[in-house]
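Colleague: So the protein lines, in turn, are chains A and B.
Just add 2 to wherever you are in the first sequence, counting from 1, and you've got my numbering.
Just add 2 to wherever you are in the second sequence, counting from 1, and you've got my numbering.
Keep in mind that the hints are not guaranteed to be accurate.
Copies of the same chain look alike in the list, so a pair counts if it fits in one copy or across any two.
As the list claims (entries may be wrong) - In silico lysine-lysine, DSSO-like type, Cα no more than 30 angstroms apart, as pairs:
1. Lys-244 with Lys-84
2. Lys-84 with Lys-117
3. Lys-182 with Lys-158
4. Lys-32 with Lys-158
5. Lys-198 with Lys-158
6. Lys-29 with Lys-244
7. Lys-158 with Lys-221
8. Lys-32 with Lys-221
9. Lys-182 with Lys-32
10. Lys-245 with Lys-182
11. Lys-64 with Lys-221
Keep in mind that the hints were calculated from the coordinates and are not lab data.
Number of protein chains: 2
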Amino acid sequence: MIILDGKATSDKIKLEIAQTVKEIVEKGGKRPHLAAILVGNDGASQTYVGHKERACAQVGFKSTLLRFPQEITQQELLDRIKEINANDDIDGLIVQLPLPSHIDEDAVINAIDPKKDVDGFHPENVGRMMLGLPTFLPATPYGILRLLSEYGIQTKGKHCVIIGRSNIVGRPLANLLSLKDEPGDCTVTICHSRTKNIEYFTRQADIIIAALGSPSFLKGDMVREGAVIVDVGITRIPDETKKAGFRLAGDVDFETVAHKASYITPVPGGVGPMTIVSLMVNTLKAAEGK
Amino acid sequence: MIILDGKATSDKIKLEIAQTVKEIVEKGGKRPHLAAILVGNDGASQTYVGHKERACAQVGFKSTLLRFPQEITQQELLDRIKEINANDDIDGLIVQLPLPSHIDEDAVINAIDPKKDVDGFHPENVGRMMLGLPTFLPATPYGILRLLSEYGIQTKGKHCVIIGRSNIVGRPLANLLSLKDEPGDCTVTICHSRTKNIEYFTRQADIIIAALGSPSFLKGDMVREGAVIVDVGITRIPDETKKAGFRLAGDVDFETVAHKASYITPVPGGVGPMTIVSLMVNTLKAAEGK
Numbered sequence: 003m004i005i006l007d008g009k010a011t012s013d014k015i016k017l018e019i020a021q022t023v024k025e026i027v028e029k030g031g032k033r034p035h036l037a038a039i040l041v042g043n044d045g046a047s048q049t050y051v052g053h054k055e056r057a058c059a060q061v062g063f064k065s066t067l068l069r070f071p072q073e074i075t076q077q078e079l080l081d082r083i084k085e086i087n088a089n090d091d092i093d094g095l096i097v098q099l100p101l102p103s104h105i106d107e108d109a110v111i112n113a114i115d116p117k118k119d120v121d122g123f124h125p126e127n128v129g130r131m132m133l134g135l136p137t138f139l140p141a142t143p144y145g146i147l148r149l150l151s152e153y154g155i156q157t158k159g160k161h162c163v164i165i166g167r168s169n170i171v172g173r174p175l176a177n178l179l180s181l182k183d184e185p186g187d188c189t190v191t192i193c194h195s196r197t198k199n200i201e202y203f204t205r206q207a208d209i210i211i212a213a214l215g216s217p218s219f220l221k222g223d224m225v226r227e228g229a230v231i232v233d234v235g236i237t238r239i240p241d242e243t244k245k246a247g248f249r250l251a252g253d254v255d256f257e258t259v260a261h262k263a264s265y266i267t268p269v270p271g272g273v274g275p276m277t278i279v280s281l282m283v284n285t286l287k288a289a290e291g292k
Numbered sequence: 003m004i005i006l007d008g009k010a011t012s013d014k015i016k017l018e019i020a021q022t023v024k025e026i027v028e029k030g031g032k033r034p035h036l037a038a039i040l041v042g043n044d045g046a047s048q049t050y051v052g053h054k055e056r057a058c059a060q061v062g063f064k065s066t067l068l069r070f071p072q073e074i075t076q077q078e079l080l081d082r083i084k085e086i087n088a089n090d091d092i093d094g095l096i097v098q099l100p101l102p103s104h105i106d107e108d109a110v111i112n113a114i115d116p117k118k119d120v121d122g123f124h125p126e127n128v129g130r131m132m133l134g135l136p137t138f139l140p141a142t143p144y145g146i147l148r149l150l151s152e153y154g155i156q157t158k159g160k161h162c163v164i165i166g167r168s169n170i171v172g173r174p175l176a177n178l179l180s181l182k183d184e185p186g187d188c189t190v191t192i193c194h195s196r197t198k199n200i201e202y203f204t205r206q207a208d209i210i211i212a213a214l215g216s217p218s219f220l221k222g223d224m225v226r227e228g229a230v231i232v233d234v235g236i237t238r239i240p241d242e243t244k245k246a247g248f249r250l251a252g253d254v255d256f257e258t259v260a261h262k263a264s265y266i267t268p269v270p271g272g273v274g275p276m277t278i279v280s281l282m283v284n285t286l287k288a289a290e291g292k
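Throw the hints in and build the complete structure from the sequences for me.
Modeller: This is the structure:
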C-alpha cells in the first residue's frame, strides 16, 4: 500500500509555481494576484481562506482578502464583484462558500468574470469542463487528477466509483474521468444518497472516490483488494485533546481500508493540500492569460 | 413488454404546443420563430433540418432556414449569427452539425446567444444543465427524460447504464439522470469505447441507454429481464428495397432484446421524434422568455 502524499506533492508543485513567478517578475512582468471574498465569521471558512492566503505567499502571489459582514446585501456584493472584474491588477477571484442564506450563491458566482473564475464554478467554465474544452477546472477535482497523475496511476479502462454528486466534487469528477483524456477514459459510476447498496458498487471499483462528507463511511469490507482510494471527506469532529478543539475526519475508515488498497490518500495531507495548490495553478494560468 | 412510442407521445406534445401558440397569437402575441443554419449539402443534415422545419409548421411556429454553401468562411458564419442574435423576431437559433472541417464548431456554438441556444449546446447552458439550473436542455436527452416521464417509469434509486459519452447525448444524460430530480436520482454508469466488458455493466442495469452509434450493438444476452431499454442509435444502412435507398438501424438488436425488456423504444419512432419535439418545447420557452 502506497500513501498518496498530497502534502509532499503540493509542496513540489508550489516550488515549481514559485520558480515561474520569480521568472515572470524578474522579466518585469506582473506578480499574479488572487482576491478572495469572505462574508461573515464562519470558522471553517476563515481557516480555508487563511490556507489559501498562506499558499499565495508561499508561491509569491499577491493576495487580497476582502471581508464583509454577515449582513452585506446581495447587491453590495455584486457591485464589489463588478469592481474586481474591472480591476486589471486582479487575475483571479474566489468567493468563499457558503454565503449567508439571504444571498443567492448562483447569482454571485454568475457575476464573476469567467476569465477570473479560478474556482471554476461559473456555469460557462463548468460547461467548458464537461465539453472537455480548456478552462479552469474546479480545484478539488483538478487536485485529485494531478495526484493520480503524479503517482502514475493508470485510469484508462478502469472502473471508477464516485460516492457523492456535489457540483464541486462528485459531478465534475464523473465528467472529467469519463473524458477521453489522461487521467480519464474511466468507466464511471456515480453513487449518492439514493443509491441502493452502495457497497455493491464500491466492491466492483478499481478506483473509489469518497466525497459524501460522512466520517469513516467507506469500510474495509466495501472495498476490493488492490483498489485505489481517494478520500475527499474533511469533517470536523469535536476533540478536546486537540489544540484546535477538533480533528479532521475523512469519509474513509483508514484502519480497515488501507491494508486492502494499492494506493490511498490520508486525511489530512491528501486531497486538501492538492485542492489549495490547484487554486494556485489556476491563478497562475489566469495571470498568464491562458 | 411495452413499446415507448415516441411518435405518439411527440404528436401529443405537438398538439399541446400548437394550442399554446394559438392562444399566444389570439392574444396578439408574437408567433415563436426558430431559425436554422444549414451549411453544405450533406443528405442526413438536410433531412434532419427538414424534419425540424416541418415540426415548426405543425405547431404553428415561424421558421427560417438559412442555407450557406460548403465554402462559407468561419467569419461570414459568425457575422450572420451575430445578426440573428440581434434580431428580436428570432427566438431560437440552431446550427445543424456537422460543419465543414475548415470551420471551428466550438467557435460557432459559442457565438450563439445563450438565450437563443435552443439546442442547449452553448457552454453556459451546458454548465447550467450540469449544475441543475434552469436552461435549455439538449433535445435528445430532454426528449428521453420526457418519454420516461410520460410512461411513468420510476428512475429514483435505479441503476442506469449509459453506453456512449458524446457531448450531446451520453454525457448530458449521465448528468441529468444523476441529479436529485424526477426523472433522475439514478445511480449512473457511463460506458464507452474504453470500457472493458460493456456487457458486465449492462447486465446489472435497470435502465440502459444505448447511444454509441453501432447498429444492433446491444444484444439480448447483455440485458437482464425487465430492463428499460432506450435506443438512441440512428444509423443509415444502405437498403435497395427502400425508396430512400437506406433504412434506419438502432444500437439495440430489437429481435433479441425486446422480449426481455419491460419497456423499449423502437427505431424509428422512439427517441427521434422526441428529439424534434423537445426542440419545439425549447423554442416555445425561448419565445416566452423563460
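Colleague: Against each hint, give a clear statement of whether it holds in the structure.
Modeller: Hint check results:
For the identical chains of this complex, Lys-244 and Lys-84 are neighbours neither inside a copy (42 angstroms) nor across copies (61 angstroms), given an alpha-carbon limit of 30 angstroms. Taking the shortest Cα distances, Lys-84 and Lys-117 sit within 30 angstroms of each other both inside one copy (13 angstroms) and across copies (22 angstroms). For the homomeric pair Lys-182 and Lys-158, the shortest alpha-carbon distances inside one copy (9 angstroms) and between copies (29 angstroms) are both at most 30 angstroms. For the homomeric pair Lys-32 and Lys-158, neither the shortest alpha-carbon distance inside one copy (39 angstroms) nor that between copies (52 angstroms) is at most 30 angstroms.
Taking CA atoms no more than 30 angstroms apart as the test, Lys-198 paired with Lys-158 passes in both settings, with 27 angstroms inside one copy and 10 angstroms between copies. Proximity of Lys-29 and Lys-244 under a CA criterion of 30 angstroms is satisfied in neither setting, with 46 angstroms inside one chain copy and 70 angstroms between copies. In this homomeric assembly, Lys-158 and Lys-221 come within 30 angstroms of each other (Cα to Cα) both inside a single copy, at 26 angstroms, and across copies, at 25 angstroms. Proximity of Lys-32 to Lys-221 under the C-alpha cut-off of 30 angstroms is found in neither arrangement, the shortest distances being 49 angstroms within a copy and 60 angstroms between copies.
Taking identical chains as interchangeable, the C-alpha atoms of Lys-182 and Lys-32 are never at most 30 angstroms apart, the minima being 35 angstroms within one chain and 44 angstroms between chains. With identical chains, the CA atoms of Lys-245 and Lys-182 are never at most 30 angstroms apart, being 46 angstroms at best within one copy and 39 angstroms at best between copies. In this assembly of identical chains, the alpha carbons of Lys-64 and Lys-221 never lie at most 30 angstroms apart, being 42 angstroms within a copy and 59 angstroms across copies at closest.
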